[in-house]
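Undergrad: Residues per chain, in single letters:
There are 2 protein chains.
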Amino acid sequence: MQSRQIYFCRRPDGKPAPDVFEERLVDVAAPRDGEILCRNVTVSVDPYLRLKMYDRRSYTPPLRIGEAIPGRAVALVLESRAPGLAPGDHVVIPGGWQQYALVRGEAARRIDLSVASPGAWLGPLGMTGMTAYAGLMHIGRPEAGETLVVTGAAGAVGGIAGQIGRLLGCRVVGIAGSEEKCRAIVEQFGFDAGLNYREPDLAARLGAACPDGIDIHFDNVGGEISRTVASAFNDFGRLVVCGLISQYSGQQHADPAALDEFMRLVLTRRLTVQGFIVSDLERKFPEFEDRMANWLQTGQIVHREHARSGFGEIVPAFLGMLSGENIGKSIVHLAD
Amino acid sequence: MQSRQIYFCRRPDGKPAPDVFEERLVDVAAPRDGEILCRNVTVSVDPYLRLKMYDRRSYTPPLRIGEAIPGRAVALVLESRAPGLAPGDHVVIPGGWQQYALVRGEAARRIDLSVASPGAWLGPLGMTGMTAYAGLMHIGRPEAGETLVVTGAAGAVGGIAGQIGRLLGCRVVGIAGSEEKCRAIVEQFGFDAGLNYREPDLAARLGAACPDGIDIHFDNVGGEISRTVASAFNDFGRLVVCGLISQYSGQQHADPAALDEFMRLVLTRRLTVQGFIVSDLERKFPEFEDRMANWLQTGQIVHREHARSGFGEIVPAFLGMLSGENIGKSIVHLAD
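Just so you know, the protein sequences line up as chains F and E, in that order.
If you read the first sequence in numbering that gives the first Met the number 0, its first letter stands for residue 0, the second for the next number, and so on.
If you read the second sequence in numbering that gives the first Met the number 0, its first letter stands for residue 0, the second for the next number, and so on.
Worth flagging that the hints you see were computed from the coordinates, not collected in a lab.
Distance ranges between label pairs, derived from CB positions:
{"no.": "1", "chain 1": "E", "residue 1": "V114", "chain 2": "F", "residue 2": "P255", "range": "45 to 53 angstroms"}
{"no.": "2", "chain 1": "E", "residue 1": "E142", "chain 2": "F", "residue 2": "P285", "range": "20 to 28 angstroms"}
{"no.": "3", "chain 1": "E", "residue 1": "K283", "chain 2": "F", "residue 2": "E324", "range": "43 to 51 angstroms"}
Derived list of chain E stretches under chain F, where covered just means 3 residues or more per stretch with a C-beta under 8 angstroms from a C-beta of chain F:
{"no.": "4", "region": "50-61"}
{"no.": "5", "region": "214-228"}
{"no.": "6", "region": "239-245"}
{"no.": "7", "region": "253-261"}
{"no.": "8", "region": "266-274"}
Reference excerpt, derived from the structure (chain E facing chain F, CB under 10 angstroms, subset only):
{"no.": "9", "residue": "I138"}
{"no.": "10", "residue": "D234"}
{"no.": "11", "residue": "F235"}
{"no.": "12", "residue": "D279"}
We put the CB at the ideal spot given by N, CA and C, even for glycine.
Chain F on its own, in the form it takes in the complex:
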């Protein structure tokens, strides 16, 4: 059997283009002891992949040229030589951008698609939701009545982070890149306000939307927008550094004094700034899945996905996400 597979063939300079990727046909081996052979049903495309394309130290090793693109997927077990998994089971696996995946049984998590859709298992109930929850709880430490600002608010993680903040009693203000996104985060996700950063005077609008200042910034974006948010921090504010998507495409600051000003805010307002990746924190929050499942089932948290269909749509979905095309979790359906 053969599998279509997308691999990394060229390091992008700034914003990636389709020629960063190529497709090849690879032979799929039969599972050995402890392995399962799966067909990927739904593939996740995630911003962290952009970070892996730099040839420099990061939280995971850089992608090598020629390496298959990794990523989470919901998959169907076709053959199993692993205990507790049988053909016909649905699983979440590190399936990558390919049609078929051979993985160790321990790397697979059995899921029930009658409880939630593939997109929800990759989104709020998956790494995306855990990222939002763990970053907010561990670093943001929200208290009822505080003001939480979320950048990248219509994105997969941001939309969930803001909804969790609202459930915990925060005033939640989202910043996003279109009127449509701002409407969605207010009307569907229940944010208290949505601000379009492409309109002028973000600082003034942010001040008006946060009359008591800002206590927590859950940041997916970095760059100038984050700098604007930082200047409105209250004393003892917390900056959750979850992502820096403005950087991933080579956008840069223009002001040499920006770092000095930022550090002055950190000192004088006694801010806490902390970066994390979900794998650092997930063991600290064993309650996550039950809590999130309950929030989803009771409609207190809304899952929204931006879905495409077909193997050829994986790369466009990834590039589109980096350009901000999505509201909610970006996924690509490959098969039923």
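Using the hints provided, position chain E relative to the given structure of chain F.
TA: Below, chain E without anything else, positioned relative to chain F:
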């Protein structure tokens, strides 16, 4: 009775000059109920005062033009209408830059000059020592075997922070601005290495001095030096933002990408960056004074001071400290 008093008469732009200050002669009132009248014996000059000269939000209100300069002092009680304090007692008070001070009894702390000198009461046993201890313990959280870098290492706070780190089992590397300072921190304070940032190739020398990377940076300096340190952080490194003396005199970054690069390090290495002032934290460390007194008495921590004498030396001592003239705590003796 009259008192010479230094007040704030002009906001500096960048590095302060003597004309920021003027002297006046003020009448000293008799103490009312609950107050003590003191003669300042030894006055502390501290870098935080520079921050108070900006007309902008900071951790304490900005100095107003015409306001008397505040500051800690060791003083002799001349008259007391406060319980528990009598003429002849020595106290630490918010005495300011003046000859005589009238303060509330609750603001005074009786000290024993046979236990430690005025400079030590203002230094390691005072706000300076508490700043070093609380910042290091609360934010730095040193573990034996970790590497601690201290900038402003020959300064009042830096010299103590590094010595505490050494006692807690860290490898301690100091960065300072002269060969003499680097010798002092190694030979007198017991740092493992001292690096002169005025010599070329700081990054390479820092790498050589920290073969296992950097876990904690106790930062008094900010700016380019701190940026060099940040690039050598290990995963989960902690940046204790105690001071930014490079900024206080208008030095600035030249690189617009500096903030973006810094935030990339925060994210990918999962750094924690936190600012503080001592008053936020002092109640968390009730053991401080006993512990520090023991370290001083047993010679495990060395107190060094940079002392001048005479009222007219207060302003030169402050300006000299901002220029880095001192090794250890800067004080000015006014009287016996």
